[in-house]
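Residue numbers (the numbering used here), protein chains in the order written: chain A, 1 to 182; chain B, 183 to 354.
Please keep in mind that the hints were generated in silico from the structure rather than gathered at the bench. Careful, some of the hints might be misleading.
[Unchecked claim] Chain A is nowhere near these chain B residues, computed Cβ spacing over 12 Å in every case:
no., residue
1, I191
2, Q210
3, E230
4, A239
5, Y240
6, R243
7, N247
8, M248
9, K252
10, S255
11, V331
12, F349
[What the hints assert, rightly or not] When the alpha-carbon atoms are kept at most 27 Å apart in a straight line, the in silico DSS-like pairs for lysine-lysine are as follows:
no., chain 1, residue 1, chain 2, residue 2
13, B, K351, A, K5
14, A, K169, A, K179
15, B, K223, B, K341
16, A, K66, B, K343
17, A, K56, A, K24
18, A, K72, B, K196
19, B, K341, A, K24
20, B, K286, B, K341
21, A, K169, A, K142
22, B, K341, A, K12
23, A, K56, B, K252
24, A, K56, B, K198
25, A, K66, A, K56
26, B, K332, B, K343
27, A, K12, A, K24
28, A, K66, B, K351
29, A, K66, B, K252
30, B, K343, A, K24
31, A, K72, B, K223
32, B, K198, A, K72
33, A, K24, B, K196
34, A, K72, B, K252
35, B, K227, A, K66
36, B, K227, A, K5
37, A, K12, A, K2
38, B, K227, A, K72
39, A, K56, A, K72
40, B, K343, A, K5
The beta carbon of each residue, even a glycine, is placed where N, CA and C say it ideally should be.
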Amino acid sequence: MKSEKIDYLLEKYWDCETSVEEEKELQAFFLGGDVPAQFQQYIPLFSCIRDEQSVKLSDSFNERFKNILEGKQRERYVTIRVFKPLLRFAVSVLLIIGMGVSFYFISKQDNRSHFVETFEDPNAAMQHATFALEKLSYALRKTEAASMETIHFIDELDINWAALDSLNKINLSEMDRVKRRD
Amino acid sequence: MSIDSFHTIILPLKDKLFRLAYSIVREQAEAEDILQDVLLKLWNKREEWSYIENLEAYCFRVTKNMALDKLASMAIRKTGVIDPEKENLFFVDNRSPHTEMERKEQRSAIDQGIEALSENQRLVFTLREIEGMSYREIAETLAISEDLVKISLYRARQKMKELLSEFHKDEK
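For reference, chain B alone in the conformation it holds in the complex (with noise of 0.2 Å):
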């Protein structure tokens, strides 16, 4: 494989592989940074590439095990601290149906909802409503078998449906 493939193959996959970046570590900067240090390996490990069977896949791997190492280095310094922005919408007291501020509170627990999904469930959820990947893609991309992507789905939906349902109820 040329280094063409560089900028046929890899470049065109920068966006897809910052989104999935920023689903993990939840930031601009960070998830940039990650970006460029995956990109950098990849063209560093160029003479590799004609051995490795499914490129994207391989991308989509490194990214994430990238930003599962950096998620983790970050734990350690945002214990504790919670966004000023977000703050302001975990405590709102106004409850009143149809106000802005009660779609962001939704939408604040709808994050919440993600981020506390597993691991695996969150990649999934995050591949396929975002990047519209098929379940055999994913499988490859995640190197897991169709059906654990399946099952991951299931129970990541079902976790939204009930979140919603909850403050449905809650509007009641």
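So here's chain A without its partners, still in its complex pose (with noise of 0.2 Å):
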């Protein structure tokens, strides 16, 4: 690569103006040896830089980390197996609890209708409906005698209803008078 074009893609590169394939370019440069006086300054940079690039992982690392992995989704496994067959128990259990109660309160429901007929005679069925119309219309005939009662009383008081309400009229226009006051 010529001198100059070293100095160009440099120049960049203190400047980050340098794409990665051109940074790749001038690694490649100055660890490809054979670099010119002016910019052997540069190497220990671009032999660091590739130092940091070829550390790697030890090679047991791959195993040690895959037994981890496998010895978790073992852990899982078993952890599953301990508990399935519990929970297949529990639910059984609560499946035979639920149907059994169901059960229960189904057989003591009070299946009868409303409306049950009782009499199979059908003249004791008018005597007792004829009784209770008979309880029902004396009891309005005694609401209905109290009722004149109260009001043969209050006309026997013998009030002189006109002047209580032109008694009404004067408050009504004094309250009037009052308010316009206030």
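Can you join these two chains into the complex? Each is in its own frame, and there are hints to help.
Structure, rendered in structure tokens:
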């Protein structure tokens, strides 16, 4: 590579204007040997970058991590295996209890309809109905008589209704006047 | 998303995730522990993958966060301890040019330079230089804007340039 191009790329590199490809080009140049004297001062930087790039995991890491991961998966499997029969048992018990309770309530339920025929003889039914209606009629008559008695009592008091009405009117006009004054 | 996603999307990322963790904690065993924790965390959360918009970026974010947490806990343990191999490199008297020792010295200085970068600068530098990610991919991975990615990378590269120039002057 020509020195001018290296100079140009280096300037771009220091100013962070190089692309990743141009930086790889520079690295290849400085690590390729046969570097002109004026550029040799930059070799340590690029060789340091190369060394950092070649840092690798130890060979045992993959195996170690695989074992840990498999151990974790096995742990999970064991947990499920231990709890699965217990879960099945619990679900069965709950199901049986639920069914038992349902049957108990269903069997205890009153299935009779709300209107059940209790009389077999129509005359007896008629007699009962007449008796009930007579009781109702008696109660109504009693309340009517009591109401009439009250009305007669008020009539006998001989109240002057016209005077009472006029009093009411006076009170209203008085109140209007007071309100206006306020 | 099915469990197959773990094998098709997440597991192929493991080398990249490891390098990101390594770039933060700088220790092979610690970085592998972080990766293992990240992968297990992702495996345990597999029911939630369908709700994650960018699973790859999410994996990088989880790795970054776990590595930074680990680094914080490691910092307490590591205070004052210098790697014996590096110690020799920090205090070499032989500065004659074109020797292997000088190369190592320079390399060690670059390592220190990278470590001295701010958290964002170091992460952006790692994802761009080592993983070759685009600015947009880095922005999504670190949940920052593309502009901030460019600024962080610019500052990191300028620091590297200064460091290399200083060495060059010393050589002369």
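Structure-based check of each hint:
1. Every CB of chain A lies more than 12 Å from the CB of I191 of chain B, the least distance being 15 Å, so the non-interface label holds.
2. Against the 12 Å criterion, Q210 of chain B falls within the reach of chain A, whose nearest CB is about 7 Å from its own CB.
3. Residue placement check: E230 of chain B keeps its beta carbon more than 12 Å from all beta carbons of chain A (closest about 17 Å).
4. The Cβ of A239 of chain B sits about 17 Å from the closest Cβ of chain A, beyond the 12 Å cut-off, so the non-interface label holds.
5. Under the 12 Å C-beta cut-off, the non-interface status given to Y240 of chain B relative to chain A holds; the minimum distance is some 19 Å.
6. The beta carbon of R243 of chain B is kept farther than 12 Å from every beta carbon of chain A, the shortest such distance being approximately 20 Å.
7. With a least CB separation of 20 Å from chain A, N247 of chain B remains clear of the 12 Å interface cut-off, as annotated.
8. Every CB of chain A lies more than 12 Å from the CB of M248 of chain B, the least distance being 15 Å, so the non-interface label holds.
9. Interface exclusion of K252 of chain B from chain A stands, the closest Cβ pair being 16 Å apart, more than 12 Å.
10. Non-interface call for S255 of chain B relative to chain A: holds, since the shortest CB-CB distance, roughly 21 Å, exceeds 12 Å.
11. With a minimum CB-CB distance of about 9 Å to chain A, V331 of chain B fails to clear the 12 Å threshold, and the non-interface call is violated.
12. A cut-off of 12 Å between C-beta atoms contradicts the statement that F349 of chain B is not in contact with chain A; the least separation is 7 Å.
13. Taking the CA atoms of K351 of chain B and K5 of chain A, the gap is near 24 Å; set against the 27 Å cutoff, the hint holds.
14. This hinted pair checks out: K169 of chain A and K179 of chain A have alpha carbons roughly 16 Å apart, not beyond 27 Å.
15. For a cut-off of 27 Å, the pair hint linking K223 of chain B to K341 of chain B is broken: about 36 Å separates their Cα positions.
16. Proposed proximity of K66 of chain A and K343 of chain B is contradicted: the alpha carbons are some 43 Å apart, above 27 Å.
17. Between K56 of chain A and K24 of chain A the CA atoms are separated by roughly 20 Å; this keeps the pair inside 27 Å, and the hint holds.
18. Proposed proximity of K72 of chain A and K196 of chain B is supported: the alpha carbons are some 19 Å apart, at most 27 Å.
19. Taking the CA atoms of K341 of chain B and K24 of chain A, the gap is about 20 Å. The hint holds against a cut of 27 Å.
20. Distance hint between K286 of chain B and K341 of chain B is fulfilled; the C-alpha atoms sit about 19 Å from each other, no more than 27 Å.
21. About 39 Å separates the Cα atoms of K169 of chain A and K142 of chain A, which puts this hinted pair outside 27 Å; it is violated.
22. A hinted pair counts as satisfied when its Cα atoms are at most 27 Å apart, and K341 of chain B with K12 of chain A qualifies at roughly 15 Å.
23. Taking the CA atoms of K56 of chain A and K252 of chain B, the gap is about 19 Å. The hint holds against a cut of 27 Å.
24. About 9 Å separates the Cα atoms of K56 of chain A and K198 of chain B, which keeps this hinted pair within 27 Å; it holds.
25. Restraint check for K66 of chain A and K56 of chain A: satisfied, since their Cα atoms lie roughly 17 Å apart, inside the 27 Å limit.
26. A C-alpha spacing of about 16 Å is found between K332 of chain B and K343 of chain B, which places the hinted pair at or below 27 Å, so the restraint holds.
27. With a C-alpha separation of about 13 Å, the suggested pair K12 of chain A and K24 of chain A falls inside the 27 Å cut-off, and the hint holds.
28. Between K66 of chain A and K351 of chain B, the direct Cα distance comes to roughly 52 Å. Violation of the 27 Å bound is thereby established for this hinted pair.
29. A threshold of 27 Å between alpha carbons decides the hint, and for K66 of chain A with K252 of chain B the separation of about 23 Å falls inside it, so the pair holds.
30. For the hint linking K343 of chain B to K24 of chain A, the alpha-carbon distance of about 18 Å falls within 27 Å, and the restraint holds.
31. The suggested pairing of K72 of chain A with K223 of chain B holds, with an alpha-carbon distance near 12 Å, which does not exceed 27 Å.
32. Among the hinted pairs, K198 of chain B with K72 of chain A is consistent with the structure: their alpha-carbon atoms are about 24 Å apart, no more than 27 Å.
33. Simply put, K24 of chain A and K196 of chain B have alpha-carbon atoms about 22 Å apart, close enough for the 27 Å limit, and the pair holds.
34. Distance hint between K72 of chain A and K252 of chain B is fulfilled; the C-alpha atoms sit about 24 Å from each other, no more than 27 Å.
35. The straight-line distance between the Cα atoms of K227 of chain B and K66 of chain A is roughly 17 Å, inside the 27 Å bound, and the hint therefore holds.
36. With a C-alpha separation of about 49 Å, the suggested pair K227 of chain B and K5 of chain A falls outside the 27 Å cut-off, and the hint is violated.
37. Pair hint K12 of chain A plus K2 of chain A holds up; C-alpha atoms about 16 Å apart against a cutoff of 27 Å.
38. In summary, the hint linking K227 of chain B to K72 of chain A is supported, as the alpha carbons are separated by about 13 Å, within the 27 Å threshold.
39. With a C-alpha separation of about 26 Å, the suggested pairing of K56 of chain A with K72 of chain A holds against the 27 Å cut-off.
40. Restraint check: the Cα-Cα separation between K343 of chain B and K5 of chain A comes to about 18 Å, which is no more than 27 Å; the hinted pair holds.
Comparing the model with each earlier hint shows violations of hints 2, 11, 12, 15, 16, 21, 28 and 36; every other hint is respected.
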